[in-house]
Structures are given as C-alpha cells and as structure tokens.
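Line by line, the protein sequences are chains A and B. Per the numbering used here, the first sequence starts with residue 1, numbered consecutively. Per the numbering used here, the second sequence starts with residue 1001, numbered consecutively.
It should be emphasised that the hints constitute simulated quantities derived from the structure, not laboratory data. There could be a bad hint or two in this list.
DEER-style ranges, computed between Cβ atoms [stated by the list, open to error]:
| id | chain 1 | residue 1 | chain 2 | residue 2 | range |
| --- | --- | --- | --- | --- | --- |
| 1 | B | Glu1402 | A | Val6 | 45 to 55 Å |
| 2 | A | Asp383 | B | Lys1103 | 20 to 30 Å |
| 3 | B | Asn1364 | A | Asp222 | 30 to 40 Å |
| 4 | A | Glu366 | B | Gly1238 | 24 to 34 Å |
Values in this document were obtained by computation on a predicted structure and should not be read as measured data. In this text, a Cβ means the ideal position worked out from N, Cα and C, and glycines have one as well.
Protein chains: 2
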Amino acid sequence: MAKALVGAAVVGQSGGPSSVINASTYGVIRTALDDPNITRVFGAAHGIRGILDDTLYDMNQEDEKELELLLHTPSSALGSVRYKLKDSDVDETDYKRILEVFKKHNIRYFFYNGGNDSMDTCSKISKYMQKVGYECRIMGVPKTIDNDLFGTDHCPGYGSAAKYIATTCMEVYLDARVYDSGMICIMECMGRHAGWLTAAAGIASYFGQGPDLIYLPEKDFDFDKFISDVKRIYESTGKCLVAVSEGIHDKDGKFIVEYGAENAPVDAFGHKQLGGLASTLVNLMKPYFGKAKFRSVEFSLMQRCAAHIASETDVQESFNSGKTAVLEAVSGVTDKMVGYERTTDENGNYKCGMKLFDLSDVANTEKKVPLEMINEEGNGLTDKYIEYALPLIQGEPKITFENGVPRFARLKKIVAE
Amino acid sequence: MAKALVGAAVVGQSGGPSSVINASTYGVIRTALDDPNITRVFGAAHGIRGILDDTLYDMNQEDEKELELLLHTPSSALGSVRYKLKDSDVDETDYKRILEVFKKHNIRYFFYNGGNDSMDTCSKISKYMQKVGYECRIMGVPKTIDNDLFGTDHCPGYGSAAKYIATTCMEVYLDARVYDSGMICIMECMGRHAGWLTAAAGIASYFGQGPDLIYLPEKDFDFDKFISDVKRIYESTGKCLVAVSEGIHDKDGKFIVEYGAENAPVDAFGHKQLGGLASTLVNLMKPYFGKAKFRSVEFSLMQRCAAHIASETDVQESFNSGKTAVLEAVSGVTDKMVGYERTTDENGNYKCGMKLFDLSDVANTEKKVPLEMINEEGNGLTDKYIEYALPLIQGEPKITFENGVPRFARLKKIVAE
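Only chain A is shown next, with the shape it has when bound in the complex (with noise of 0.2 Å):
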C-alpha cells in the first residue's frame, strides 16, 4: 500500500457525450466525496478548459439527491471540451497553469472521463508533474459510444447506444413496413472508422425485426454490389430496410458520403449543400429502382443520449468504473485507465471486471469491429457480434420520471474560490 496522499480531487468530462459518461463521473464524485483521504471535490468546467480558467465547480456543494441523478442524466453534466494539449516540450504553458491550479487548490487526485483524446492529456499531464516533482495521481475513465478504445473489452456509452440503436431498428422495422406499397429505409448511425455503432442494428436483425442489410466501414464499400443487394431483397419482398455507418468508403478510401457532394448542389450563397449519408444514399439509389419509396433516417444526436433507453448494465459499469478510478488512485495507483475485461461467473454468466490499462498504451489506438464479427458478404453481422453485444445492453434504466418527462440533474456549479 502506497502512502496515503491527502488532498482535494478534480473530475473532468471531454470528448463527445454519451447516456452514462455522468454515470462514470457520479462514480468518481460519490467515491471521492466519501473517501476520507479526499478533502475536497471539484467538477472541471468543460474538461481540461476548466482547470485552465480555474473554474471548479464545488460538488461538495451539491445536493446529494441531484448528485444522484446524474446516473441516469445523460450528455456531459460539467460540460465537455475538445482541446488537445501541446507537448509539454514543445510548449510548457498550459502544464505550468495547470500546475499552478493543482497547487491553488491542493488537487492530488485527477479523473479524466473521456475517449482517446482525453486519456492522451491524462498521460501527458501525468508525465509533466513527474518531471516536475508535484506528487499527483492521475486515472482515467473511459467514455465512447464508439467503442474503439484499446484495451477494454467494451466501452461505457457504448451498451446504452446499441440498446437505443436496436430498440429503434426495430421500431423502424414495424414502422416501415406497414403498407402493401414498396418502400426502402435507409438508416444511418455515427461511426467515421469503427463500424460498433451500426453493429448495434444487427441484434435487432438477429431478432427477426430489423434491418435486411448492414455495412460498417470495416469493410470496403462497393456501390454496384450493394445496389444487387437491395435489388434482390427489394424484388423478392417489396420491402428493404437497410442500416449504414456515416464511414462506409469504397476500395479507394473514398467516403460514400462524399459521392453525393461530387454534383453537389451549391445554394444561392454558394455553400455546398451537403447531406448525410443516408439521403445521399437514397439519392444515389433512386435511378436504379422506379418508383420505390423511399425513407432515410439518421439517428443523429439520438444515439448518444437517449438515457431514457439506456443499458442498465452500462450504467451501473460506468459507475463502477468511476469508483474503482478513486479507490485505486486512493490505494497508490496512477496513469492508468479502468477499463474492462469480460469474465463468466460460476453459472458462465457474463460478469464484468474492471481492469487497468497503461494510459500510454490507450492513447491515440482505435478498436475496429473484428472481421469474424462480420459475415462473408460483408452486409451483416455474425452470431460472434450479437454473442459479444447482448450481454452489454441488459437492463433497463431507473430513470425517474416528474410530469411524464424525465428528471434529469440540475446541478447548482458553484465555482470554487
């Protein structure tokens, strides 16, 4: 056990939101609020950004009962940043203000929640209070709804974003097919380099409601094929739902979405008009299927922050990953990730334990969707995906309900002197 270090701790949240990363960061306050060795608790106002304004909110003063609902609060509660720190020998001012807050405030603990970026800036602040002697134990808590971190078996964010993702493909599904008309849907999910996200639209599939066909950027992306793939489930069915990530390129590394903007369409003002990858889609596809209705739909901001259909599993993972990032910074660790590793218990049961990750060996690696998770054709997924998937989106979300819309926190951020 390494000697008790005594002195304040800051959380900070960066990166794009997700439905659980103020499920994480409630685990790190709810712990540090109760550990004895942590004296005070700070919320970093948009991430690193807050620490270099020295504006800290003081989660001392919050009320337990709102602290409490940021289980199920979704988006960035302390609010998010995207900032890339300089290294630190190339440009020491942002460390030394950094510092310089630490010492203000006697931070001895920093919980950064976030996805590669962030754990990039834990391993270089990290490394900088090192050389400089300023004794600091720094953790980070994965967030991404993305789920490319290296390392962890899964990411948190991205359970509750496959529920939301395979409850509304099936949703669609139904939706879609109603008339005795044709009709083809096309549905989009985010995912520039991983195709995790689309994934998702397989369990729904593997369920007997939800998309003929899938395409994650994994695989390259060829028009002529995937226009006989429609084809033939369109002619034999009249129907074809279909769900794409927004990263599908061709064999040439070339994005499908910028198909569209080739010809595109510039306005009146001269600005291109670009559209998603899914109207672009239906755009491209039209000439080649008469009168066939058409729908795209894209899931948009709705995928990483839909709480009110979370996974209750990555819920309560988040928080434990949050928590166990306090308990063992608090028991002499530091500069490392809590990520996960996927055990069984007796029964062969899924169970989830957490793990940590060197944060160097995180930083700035990408997880794709591994080729036996994909079938041959490369338009769905295998039974491996849904075998790795359904464990993490089990259990539905406490959320609670005031007036028939959710309560969500409402923190009062006072910043801290």
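For chain A, the structure is supplied; the task is to place chain B on it using the hints.
Quick look at chain B alone, frame taken from chain A:
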C-alpha cells in the same frame, strides 16, 4: 337496448402508424373475442384492402399472450393502407365487393382504426350498407399522432408522440450544449398542417431543458424575424435550440422547405436533391451566423413508432377507445367514432371519458392548435398548451423486454378460409 345482432366482427387499421394504434386494435379484438354476440373476430390485412381482397386474419387462432403484447407494440400489426373509396353513387364496385365479403363471413361488426380518411371510409360503407339493407354496425376508432381530429379532446397516439418529442428535446438540449463553443441546433417534427407535435417540444422548454424557439404552422413564418430571434439568443448565450414543424410556411402560404428547393440542386441523374426542413433551414441560416456550428435533427419515423417511450395514459385510453367501440356496437350503436372527453375527478384531476361522435362530423375536418396556446410572438407555447398536454404524457409504458430489447407482438396471421 337494440335487438341483439349476432355475427362476426372485423377490425382494420389505416393511415400512418403510431405507437398505440395496436393498443386500440387490441381493445377491439380482446373485447370482441370476449363478447357472446360476436361469433368470430377477424383482422383485415392492410385495412380496407384486406376486406376487398378477402384477406382476413383469424384472431381466434392467435395466442392470447401475443395479442396482449399488441398493447405496447408500435406500428400497425395488421398492416395499414392509404386507400380512398370512391363515392358509391360514382362507382359501386368496391362497395359490392365489401358486401360480398361481409356476407361470406357473416360480418356484422366493422371497426376501423385510423384518422380522418378512415372515418370517411367508415361513413361511406355505413351509408351503403344501410342503403342495401345489410344489417351491420360500423364504428370508427380514432388514431393519429397529428392530434387533428375534430371533436375529440385529443387523439390516441398523440400523447405517446408528445412524450417522445418532449423527452428527446430534453436529451438533445443537454447534448447540444456540452461544448463551450457556439451551437445552433434545429429539430424538425412532423406536422404539415397542424403544429401539435412540434408543440410538445414546449413541454421540454417549460421544464427548462428544451428549445429556445418553437415554430408551428398555425402562424405565418417570417424568415427575417426568425433570423433575428435566433441571433438574439445565440449572441447572448452562445447556443440556440429551435424546434420547427415541417409545415411552417410564410404569409403567402409557401412552405419554408420549398425555399431550399428553389436554388436546388439537381444531381447527375437530373433529380432534385431535396433535403428536409431542418437541413434546409440550416443551409438558409448559415450565411447569417459566421462560424457558428449547426446541427439539424429530424425526429423522422421515430416520433410515431418509439413505443418504448409511449405514454401509458395514451396506451390505456387507446385500449379503452377500442373496447368502448365494441361495447357500444353490441349494444346497438352504429355510425359513431369513439373519441375522448376531458373531465375531472372529485379532486380536480384529469380524467378521460369516452364520447361518441358522428362519423360524418369527424370525416375530413381538421383541428389545429388554437392560437391561445401559441405565444404572441409566434415562437413558443403558452401555459394553456402545457395545461392541455401534460396529462396526456403521464405514465411510463409497461414494455416487456427480452434479451435487452422490447418483445413486440408476433402474430401468426392465419388467413380465414
């Protein structure tokens, strides 16, 4: 009490699907199955189309448990249709065929679940049956997320769509505000003529987590005023969240979505590339807002099929509406639609009574959002609307989940000989 009429019943679904049309239909089916006067219960495949084609599913052969799942299964489980009967004095062909099929199965009860057009269909068939002296009781069971049916206080389907929109607006509100950089986000709801759906965004605003500005088609949309509304809010807060109804139009009656169509874009195949209203607005706004970041979000099909966040009040009322239609028909009533009357219980709390409306009054009349529910400026809702809407979105749906996703009904659909 009218003389008992013994025979089979048929129920059909028509028009756009909703989260609760199956709940109404289940109200009909369950009650009809339990009624001694009703000898058999059929579900028409794709509404009136299924009657014309004599494709009637035998509801007596369905599992009770599956039928019960209809309560929380979105979309039209029997299949829907958009088919307008000609007037019988113009062309009797369809009517003769309907009579033939009714006679074949001894159908004495016809329940039609749908919107304006469906009430029109009911009314026409009823008149024909009376003319030819075929004894038959015909009842309309309302349905429309648009909430625009005449007479009834509100429409089955509206509460659920409103709950989805209010909840999603709150979630998007939290999501769209996380960064410390500027953001303008336009959310588009359905509603070509009536703004009821978009109005539901006002519920989120009422609770402090919704759009800053809301525009309905009931008031003329002034683009310059709109730009200055957005500028005022964006310049003072750095964010602006807007909800718009797809049918907003200027004082000359021109749809705003057509503003985009003008300079629009023809692709390589000569097709006009038309975006939705939200993306059109974003393109029109960009020149006025320098480097602001924009997002357009379309609630698309989700707003009418997101059964997982349906209003349980809506589900139960819808069931009751179907149930009442059967009980009334059996007791001798015909030619009516079962709508809602708002009353209060002894404590002054909302209660929803069932009320009968003449089919011919309902057909082809539209109810818009009254101006007293819209603010003076035409960019938000008044408390009158909130008072009206809140009772309709209460209660969370008792969805059955299986493997982490909703377990929707799967009917056998055995076609009756």
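Fill in: Violations among the numbered hints, reported as their numbers in ascending order
2 and 3
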